[in-house]
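Modelling step: build the complete structure from the supplied sequences, incorporating the hints.
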Amino acid sequence: MPISLGELATSFGCELIGDPDTIVSYLAALQNAESGSLTFLSGASFLKYLSATQAAAVILRAQDVDQCPVAALICDDPYATYARMAAVICPPPAFTPGVHASAVVASTATVAANAHLAANVVVGEGTTIGENTYVGPGSVIGPDCSIGNDCRLIANVTLVKQVVIGARGIFHPGVVIGADGFGNASTAEGWVKVPQIGGVRIGNDVEIGANSTIDCGSIDDTVIGDGVRIDNLCMVGHNVHLGAHTAMAATAAIAGSAKIGERCIFAGASGTVGHIEVCDDVTVAALSFLSKDVTEPGNYAASFPAVAAKSWRKQLARFRRLGQLNERVKKLEK
Amino acid sequence: MPISLGELATSFGCELIGDPDTIVSYLAALQNAESGSLTFLSGASFLKYLSATQAAAVILRAQDVDQCPVAALICDDPYATYARMAAVICPPPAFTPGVHASAVVASTATVAANAHLAANVVVGEGTTIGENTYVGPGSVIGPDCSIGNDCRLIANVTLVKQVVIGARGIFHPGVVIGADGFGNASTAEGWVKVPQIGGVRIGNDVEIGANSTIDCGSIDDTVIGDGVRIDNLCMVGHNVHLGAHTAMAATAAIAGSAKIGERCIFAGASGTVGHIEVCDDVTVAALSFLSKDVTEPGNYAASFPAVAAKSWRKQLARFRRLGQLNERVKKLEK
Amino acid sequence: MPISLGELATSFGCELIGDPDTIVSYLAALQNAESGSLTFLSGASFLKYLSATQAAAVILRAQDVDQCPVAALICDDPYATYARMAAVICPPPAFTPGVHASAVVASTATVAANAHLAANVVVGEGTTIGENTYVGPGSVIGPDCSIGNDCRLIANVTLVKQVVIGARGIFHPGVVIGADGFGNASTAEGWVKVPQIGGVRIGNDVEIGANSTIDCGSIDDTVIGDGVRIDNLCMVGHNVHLGAHTAMAATAAIAGSAKIGERCIFAGASGTVGHIEVCDDVTVAALSFLSKDVTEPGNYAASFPAVAAKSWRKQLARFRRLGQLNERVKKLEK
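Residue numbers (this note's numbering), protein chains in the order written: chain A, 16 to 349; chain B, 16 to 349; chain C, 16 to 349.
Just so you know, the hints here were simulated from the structure itself, not pulled from any lab data. Zero decoy hints are in this set.
Identical chains share a label here; the pair holds if one copy fits it or two copies do between them.
No farther apart than 35 Å at their CA atoms in a straight line, the calculated lysine-lysine pairs in the DSBU-like style are these:
#1 329 x 307
#2 274 x 325
#3 63 x 307
#4 349 x 329
#5 325 x 307
#6 325 x 63
#7 329 x 345
#8 346 x 329
#9 63 x 208
#10 208 x 325
Take a look at the structure:
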């Protein structure tokens with residue numbers, strides 16, 4: 016949606032250096048922006064592109080404005096401001112309210128008049144779809160679910176049963192919420208399945224990436240707090256609690272019954288074992304996992320970045336000889 | 016389904032301390048059980064909740080019965096007994112036999128009269144669906160498959176081709192079985208795809224978690240034994256054999272052509288390289304992987320639990336200087 | 016498709032030792048091949064099965080022909096030659112052109128007359144489906160996509176929007192391409208979503224495994240080069256570039272904005288952090304990840320194969336005492 020720099024500056028509290036009537040219609044990266052586009056300067060590594068940008072306007076910090084050859088929208092946090100302005104210029108695709116002829120909706124389900132159920136959507140008994148919510152093609156919403164207002168389920172999303180979602184959630188294709196947790200009792204005759212009878216409660220403003228899975232609780236519910244962000248191919252086990260604004264990057268996994276605080280960040284392929292408690296404001300590095308309760312906020316890590324394989328083989332051999340090295344030092348000490 | 020304590024005790028071989036006519040209708044956790052509910056005491060860490068429980072009855076070991084303020088069902092393995100009783104009180108949802116009007120079934124497919132094919136299910140040529148089996152919405156069952164009796168494919172499950180499944184299997188949403196394995200021959204012009212012509216054979220009582228994938232064999236079949244349990248987002252490569260009652264927790268991965276024994280346990284994010292053999296009764300710790308044949312049952316591990324990132328950076332520096340440390344000790348030894 | 020050894024030898028440039036009129040109709044592994052089948056001898060570990068094979072013919076190197084009891088097709092690379100011959104004997108399943116009655120195709124979409132849209136396929140506005148392309152059941156192709164000629168989307172594949180695919184691509188079930196990247200600006204009030212407005216451009220001859228995800232670009236496109244091979248449950252973040260003929264084995268993950276060269280190989284569960292550049296011909300070992308730019312081709316690694324858990328606990332203790340060991344050596348040096 017085209018909008019003037021003046022409107023943007025006013026709406027988002029920026030100082031504008033330039034013509035308030037200039038219209039921006041597109042978003043672009045600083046280094047290949049074309050006329051009519053809005054861009055931003057965030058990290059210092061992009062500063063080199065500023066002087067040659069062809070954008071109509073750049074969102075930047077006051078300290079960088081002197082080097083800006085075009086209109087500038089000055090603010091303290093250009094990336095967050097860009098995010099907010101971008102949502103105005105490129106809003107999510109509009110949809111027409113209504114239920115596609117091929118959708119199959121149970122007789123006891125309630126669908127808001129201005130919601131949209133796309134082709135081949137299936138909605139189970141006792142389920143509610145909120146105002147202005149979009150359920151994309153092929154999505155299966157099981158029984159006894161409730162999806163709040165202004166949500167978007169992009170396509171092929173599956174909510175199994177008893178999944179309650181707040182407002183403004185975004186669920187990408189392949190997401191599965193409310194499938195049975197991994198509950199198995201070991202017996203002499205093999206595994207006995209433990210029925211998984213809980214549901215999933217998801218707060219407001221939650222976004223979950225493609226093909227991620229969030230299991231239902233074994234007895235009580237799995238709980239995802241407000242503003243949580245989960246990337247693709249992540250796993251949240253049964254009974255987990257994720258505190259508000261916690262984020263999980265791709266392929267991160269939180270094992271069953273772990274209680275995670277607010278504003279935690281799990282980097283790619285990180286995670287926790289089950290049944291632990293993690294306090295607020297904990298960040299876990301890529302490929303690292305927490306194995307016990309964490310009571311101190313801060314950064315945690317335990318991964319080895321890759322090196323040349325030849326060096327690694329030597330290093331691995333040295334590691335394996337640590338016991339011998341220790342003995343040699345002991346001998347010297349005697 | 017409400018049931019009396021007397022019936023439960025008789026059916027599952029427990030000693031009952033309490034009124035056999037008391038009815039339980041729900042399942043609950045020990046610490047927040049309400050009247051009319053059945054609960055269990057398994058780990059010692061929950062013993063503190065026993066004296067205050069509001070449950071109608073608790074499944075527990077004889078040693079704990081003195082502290083139980085309500086009716087007790089005494090047995091040796093409360094968790095397994097809970098699992099079995101829970102399946103009676105909260106059975107899987109019932110379904111009505113029949114094929115939904117929107118399902119598309121090939122003319123040469125055979126569907127048992129008391130099976131259920133839900134909305135938008137697709138069944139390919141030559142495929143058989145067994146007695147009392149439920150195929151949930153959006154599932155695609157390709158050609159030449161056979162699904163046994165009493166199976167449940169929850170929703171959006173895909174069986175590609177030549178997938179043979181025994182009785183009582185449970186397949187959660189997003190599961191993909193029988194997709195092509197990763198077979199590529201390296202040539203000067205790039206990768207040449209190796210056709211994957213095998214199928215997948217799955218035993219009885221197998222459960223596979225949401226969004227897990229099991230590839231077809233490259234020539235012969237991939238084989239999953241009876242009673243295998245696979246959690247979410249797991250990967251089983253082409254030609255793999257998983258022995259009976261083996262379990263894989265979330266995001267575990269077994270690479271192509273590995274032969275895994277019976278009763279093995281792969282913890283979260285663990286796995287094996289391809290083309291190895293692993294004997295029965297091997298347990299692999301979280302984030303650890305087997306790189307060669309294993310002939311001794313037991314526990315295997317190789318992961319580093321996360322620590323404060325500052326400590327880790329120091330530790331990593333020490334690790335990298337292991338060669339220097341070794342040289343210094345050598346010098347001292349001379 | 017049955018074919019004579021003479022035709023195979025001529026078409027694929029092999030020397031034939033045996034009757035050119037012999038017909039092969041099946042493919043088989045060397046050790047359990049039956050009459051009428053074609054097989055191959057690739058690794059030395061299979062040589063022991065050669066003398067007893069029941070195959071009609073074996074593809075092998077000249078050096079092994081003396082031990083071959085049946086017809087031989089001699090070439091330099093038996094595995095690649097097998098792959099090419101197998102594609103002739105067992106071609107992908109044929110399909111009839113046309114759009115299934117249950118498919119929902121937007122009025123502005125263009126579908127080639129000899130393409131096939133299977134049951135419950137949904138095609139969005141402005142999307143083009145190429146000649147002889149098969150779109151399997153339940154697939155959702157969003158707006159403004161273009162799928163080239165001779166592609167196969169097996170089933171339940173989702174292309175979200177602005178996904179452009181070249182010729183001869185193969186996309187397995189559960190693949191999600193073009194979902195929003197993980198773009199979130201951190202603010203005092205929590206995460207602000209950064210709109211993801213880019214698309215995905217995929218070259219020719221690309222194959223992507225079941226349940227893998229490739230995110231759209233945040234502003235510009237995510238780019239996958241010609242001949243790339245991606246296994247199951249892999250993750251490719253927003254703005255990533257994968258060079259031609261690069262391969263990712265199962266559960267590998269490339270984080271956002273990484274630029275990966277040509278002919279790289281990522282083993283299972285390996286990956287990179289975001290925003291790095293990796294040159295051509297880099298191979299990363301299983302469970303290892305690149306944390307910074309790589310400018311030298313070659314092999315990289317950083318993983319610890321699992322050992323007996325008891326040994327590992329000791330080894331881990333020694334590792335944690337590295338600082339103390341260092342102090343002890345220092346003391347000795349004084």
